[in-house]
Structure formats: C-alpha cells, structure tokens
Amino acid sequence: MPSAIPRPKYYQRRMPLTWWLERWNYTWFILRELSSAFVAYWVIITLMQIAALVGGPQSYAGFQAWMATPVMMVVNLIAFIFILFHTLSWFRLVPQAILPRIGGKRTSVVVTAAPMYVIWAVASVVVACFVLGVF
Amino acid sequence: MADKITLEVARFSPERDDELRFDSYEVPLHENWMVLDALNYIKDQLDGSVTFRWSCRMGICGSCGMVVNGHERLTCETLLADYLPGPIRVEPLRNFPVVRDLVVDISDFMEKLERVKPWIIRKEGAPEPEREFLQTPEQLETYKQYSLCINCMLCYSACPVYGLDPHFIGPAASALSLRYNLDSRDQGTAQRMDVMAQHDGVWDCTVIGECSVVCPKHVDPSLAIQEYKISATKAWFKNLLMPWGGK
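Read top to bottom, the protein sequences are chains E and L.
No gaps in the numbering here: position 126 of the first sequence is 126 in this note's numbering, and each next residue is one more.
Remember, this note's numbering sits 1000 above the position in the second sequence when you count from 1.
Quick caveat, the hints were computed from the structure, so don't treat them as lab data.
Don't take every hint at face value.
For lysine to aspartate or glutamate, the following DMTMM-like pairs were computed, each having C-alpha atoms within a straight-line distance of at most 25 Å [unchecked claim]: (1) E/9 to L/1017; (2) L/1117 to L/1141; (3) E/9 to L/1018; (4) L/1043 to L/1008; (5) E/105 to L/1186; (6) E/105 to L/1138; (7) L/1217 to L/1114; (8) L/1229 to L/1165; (9) L/1043 to L/1031; (10) L/1144 to L/1111; (11) L/1043 to L/1026; (12) E/9 to L/1008; (13) L/1217 to L/1186; (14) E/105 to L/1141; (15) E/9 to L/1111; (16) E/9 to L/1165; (17) E/9 to L/1105; (18) L/1123 to L/1111; (19) L/1004 to L/1047; (20) L/1238 to L/1204; (21) L/1229 to L/1114; (22) E/9 to L/1108; (23) E/9 to L/1015; (24) L/1229 to L/1138; (25) L/1234 to L/1200; (26) E/9 to L/1023; (27) E/9 to L/1047; (28) E/9 to L/1019; (29) L/1229 to L/1108; (30) L/1043 to L/1017; (31) L/1234 to L/1186; (32) L/1217 to E/22; (33) L/1229 to L/1204; (34) L/1229 to E/33.
Ranges of calculated distance between the beta carbons of each label pair, as one might list FRET restraints [to be verified]: (35) L/1136 to E/108: 21 to 29 Å; (36) E/88 to L/1203: 22 to 30 Å; (37) L/1147 to E/33: 30 to 38 Å; (38) L/1079 to E/105: 28 to 36 Å; (39) E/84 to L/1164: 27 to 35 Å; (40) L/1242 to E/116: 25 to 33 Å.
From the three backbone atoms N, C-alpha and C, an ideal C-beta is built for every residue, glycine too.
Chain E extracted, bound-state conformation (with noise of 0.2 Å):
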C-alpha cells in the first residue's frame, strides 16, 4: 500500500553536531572562539588585581595567596595556554583577512605577518626585563 505521506523529493544533510571536529580548519576555529572566554577571564583576574592593589597591602598579599593555591595555578596554566593560542590564531588569521597592495601588487604573507610577531617579541622581551628587574 502506498505510504500516505509523500516521500522529500530531496535528501539534505544535516549538519552533525559534531562537525567542527570533521575538518582541522573547523576545531582551530572553534579553539580560536573558545579561547575568547580564557582572555576575558584574564582581563576579570586583571581588575580584581588591580582593586587588590587600592585596597592596600593586606589587601594585595590576600590576592597573591589566592593566585598561589593550587587550583588558580592549574585555572592560570590553561588560560595562559589559551591566550597563546588565541595570540597565535589570530596572528595566523591576518593575512588571510588583509593582504595589503603595495604600488598595485598584493603584499606576501610573510610581508604582513613578520612585523606583527616583530612587534610581538620585542613587547614581550620589554615585559620581561621590567619583570626580572632589569630596568
């Protein structure tokens, strides 16, 4: 007996939830998009650290106790992890999203990626010696 409902004309795949991870371009993505909640976390830690420092000394050696327990060490591990790889996925992501003309030619990848991972290094060597104490 002939079904009563009519049969699609058509077969449309469904996206599975699982697709970002069919495809390495897919999970990097959904990393990249992941990793914007860990940097929001550090700007939170940021400013509480900041009213630790108004709130004065007791105040500051309270926060620094807090961020040397175990657990925050773990927490600030896996953002750090994190907020490297957002650095780094969207540093990826520049040129292919700008690639400028210089005198009507397209710049090369390299030409507009180097100065950012320039600029990059010399920001973090000026943070390390700030750090240890060499300035």
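Position chain L against the provided structure of chain E, taking the given hints into account.
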C-alpha cells in the same frame, strides 16, 4: 601498483531512499585515471544508473565537484592513485539538497549569484562609450584573481557557516561580487553593497578559511569576504561622517 581500486559511491533515489546509501564498485586502476574516469567506467561498464555531473574534464567547467574521502575535489583532476590502497568514498557536495546520487540542486547558489549582480554595471544615463574600454595590466591585476572562479561550489560545500545558515550569501558569490567592484569599468559597487553589507552578506562569515583551502583555482574567497568587510566599513563611516554621505 595494484591493478584495481574500490570506489564507494553515494547513492540516493528519491523514489525509494530516505537517506544516502553506498554502493561499492571495483574499477581498473590506471596510472593517469582520475576519479571522474572511474565514475565514467562505472556508468559505462558496471552500473548505468549511477548519476553525476561532468563536462569538460579539464578543471574549467566546475561541474564535477564532489566530496572525495571527506574533502571537496574536482573529480576530473583528482588522481585515483593518490588514494591507494583505497577504498575511495565519493559523496555529493555537502550543504546542498541531493537530487539523485552525486547530483545536487544548485538553485540556491544560482539565486545568490544573480543577487550579487556579477556583471559590469554602468551608471544610468552614463554616455555610451564610443569604443571598447581600455584597462592597464595593473587594473586587470586588481580583480583577476577573483575572476578565476569557475562556480564549482566546492567552497559552499566546505563552509560550515553556509551549512548552518543557508541564508549566508556564501564564498563564491562574494568573490565574484568583489571582482566586479574592483573592475575599473564597473560603476555598480553601491548596488552590490546593498546585498553584501547585510548580516546575511559578508558579515555572516566567521573566517574559518576552509573555502580558500578547497578552492581549485586559488581564488581565495575568504580574503575576498574580508576585503568586502573593510570596504563596507569604510563606506559606512564615510556615510556617517561626511556631509551627504561623502557624495
């Protein structure tokens, strides 16, 4: 080298199937055979009911795009020998409704392509040129990369944004739209911007970049979309800040 290889070909008959199924065929493995040659062998020698599109066999017409072992390829330029020892799974392009076997319905793409007006537009009332337009090599270079698109739709198949939100104008239509904006003979940027500077236009793109990875002509539609975003932002600011929209 083995003398045979197995193809697992996606099948769908609207009269009896609810979803894709796979049929296996063993085909001769010749050194220079492409996946399309194997499909033609299947159709001619093994099973005449297998349905697929093809035309030029030289990577120009854009008809034979399929998903080969999970990746979008023009089957006319995909060597069988690269997939040894096999099997090779051949599926229809993703994100499009399947009409039959490896044939997808491309009407959504055609509608989007038309919407971005991929042709030279002159201002209404502009005087008729007395001779053909001339272009310098530099002017040609500005848009040439984007003009290489062959409408094969591999980029739409690889784009998860299009898969999740079919209203997205998509990579190829964006690249072709920009191609005409960058053409020195064209005066239709504002008309195209009305379509492209919308949420469903370029702003839907989240820069995953897989469209540029699968593009067989190195058009780099992802770059085109980001360039479009920059020009749309500039136009918006110009409109906001300059008296009479900077006209």
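Do the hints match the structure? See the list:
no., hint, in the structure
1, E/9 to L/1017, "10 Å, holds"
2, L/1117 to L/1141, "21 Å, holds"
3, E/9 to L/1018, "10 Å, holds"
4, L/1043 to L/1008, "14 Å, holds"
5, E/105 to L/1186, "20 Å, holds"
6, E/105 to L/1138, "8 Å, holds"
7, L/1217 to L/1114, "21 Å, holds"
8, L/1229 to L/1165, "19 Å, holds"
9, L/1043 to L/1031, "20 Å, holds"
10, L/1144 to L/1111, "24 Å, holds"
11, L/1043 to L/1026, "12 Å, holds"
12, E/9 to L/1008, "23 Å, holds"
13, L/1217 to L/1186, "23 Å, holds"
14, E/105 to L/1141, "8 Å, holds"
15, E/9 to L/1111, "20 Å, holds"
16, E/9 to L/1165, "21 Å, holds"
17, E/9 to L/1105, "11 Å, holds"
18, L/1123 to L/1111, "24 Å, holds"
19, L/1004 to L/1047, "17 Å, holds"
20, L/1238 to L/1204, "22 Å, holds"
21, L/1229 to L/1114, "20 Å, holds"
22, E/9 to L/1108, "16 Å, holds"
23, E/9 to L/1015, "8 Å, holds"
24, L/1229 to L/1138, "23 Å, holds"
25, L/1234 to L/1200, "19 Å, holds"
26, E/9 to L/1023, "21 Å, holds"
27, E/9 to L/1047, "23 Å, holds"
28, E/9 to L/1019, "11 Å, holds"
29, L/1229 to L/1108, "23 Å, holds"
30, L/1043 to L/1017, "20 Å, holds"
31, L/1234 to L/1186, "19 Å, holds"
32, L/1217 to E/22, "23 Å, holds"
33, L/1229 to L/1204, "10 Å, holds"
34, L/1229 to E/33, "19 Å, holds"
35, L/1136 to E/108: 21 to 29 Å, "22 Å, holds"
36, E/88 to L/1203: 22 to 30 Å, "25 Å, holds"
37, L/1147 to E/33: 30 to 38 Å, "33 Å, holds"
38, L/1079 to E/105: 28 to 36 Å, "34 Å, holds"
39, E/84 to L/1164: 27 to 35 Å, "29 Å, holds"
40, L/1242 to E/116: 25 to 33 Å, "31 Å, holds"
Every hint, counting from the list given before, is met by this structure.
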